[in-house]
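S.K.: Okay, here's what each chain looks like letter by letter:
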Amino acid sequence: AQSVTQLDSHVSVSEGTPVLLRCNYSSSYSPSLFWYVQHPNKGLQLLLKYTSAATLVKGINGFEAEFKKSETSFHLTKPSAHMSDAAEYFCVVSDTGGFKTIFGAGTRLFVKA
Amino acid sequence: NAGVTQTPKFQVLKTGQSMTLQCAQDMNHNSMYWYRQDPGMGLRLIYYSASEGTTDKGEVPNGYNVSRLNKREFSLRLESAAPSQTSVYFCASSTGGDTGELFFGEGSRLTVL
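Protein chains in written order, with this note's numbering: chain A, 62 to 174; chain B, 1253 to 1365.
Derived by calculation from the structure, the hints in this document are not laboratory data.
Quick caveat: nothing in here was measured; it's all calculated off a predicted structure.
Be careful, since some hints might not be right.
[As the list claims (entries may be wrong)] In silico contact screen, one side only, chain A against chain B (beta carbon under 10 Å); selected entries:
#1 65
#2 72
#3 73
#4 74
#5 77
#6 80
#7 83
#8 86
#9 155
#10 161
#11 164
#12 173
#13 174
[To be verified] With a straight-line cut-off of 27 Å between C-alpha atoms, the simulated DSS-like cross-links for lysine-lysine are:
#14 103(A) to 1309(B)
#15 1309(B) to 1266(B)
#16 1323(B) to 110(A)
By construction, the Cβ of each residue, glycine as well, lies at the ideal position given by its N, Cα and C atoms.
Just chain A, with the same shape it has in the complex (with noise of 0.2 Å):
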């Protein structure tokens, strides 16, 4: 069976700081792992995705993930973060049909100026 943990519910940073959103996985096939952010009032956008390639995956604004099957670990990060980076943020995990997809409860990330 298929589980998504995101650590924490809320992360508060400074503006030009590290941005650091964990999430830990479990499954049972060679997962599929996303990133999504969903700013306030809007659709759930992707961020990034892992499919077995590169275990460093590169995203846009900035963002980037490593996989790493020895923690189970997915943990999305950004060297500095923007005023426009506060949104909620998922992690998700699918199995290799696709349609077995499990979202993580989000982590709301803030940004203070």
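Go by the hints and put chain B onto chain A.
M.R.: Quick look at chain B alone, frame taken from chain A:
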């Protein structure tokens, strides 16, 4: 390029009333999905349609029905709305398969009194 379009964006119902949420995509995607989003619970899959002519239950199908009208359109129906169905509903589409990115609509906020 509209992507995924949902209607209506807002709806207030009384308990026992029925309604249909409409969704259309213009990306020629095979697969379509309906999710609900509740605070602290991420997104949960209600129903999905892997391809035109097929539909399957997701994690939380009770109280809902769906119709895949054609390749573009996938509707979600609440036959007898209940307060527990107060939520934000998202339609999504994908090409299908194990690495498919989900493309989301902007959501429909439903309140059942």
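S.K.: Look at each hint and say if it fits the structure.
M.R.: Structure-based check of all given hints:
no., hint, in the structure
1, 65, "8 Å, holds"
2, 72, "15 Å, violated"
3, 73, "18 Å, violated"
4, 74, "21 Å, violated"
5, 77, "29 Å, violated"
6, 80, "20 Å, violated"
7, 83, "15 Å, violated"
8, 86, "13 Å, violated"
9, 155, "7 Å, holds"
10, 161, "8 Å, holds"
11, 164, "4 Å, holds"
12, 173, "23 Å, violated"
13, 174, "26 Å, violated"
14, 103(A) to 1309(B), "25 Å, holds"
15, 1309(B) to 1266(B), "25 Å, holds"
16, 1323(B) to 110(A), "26 Å, holds"
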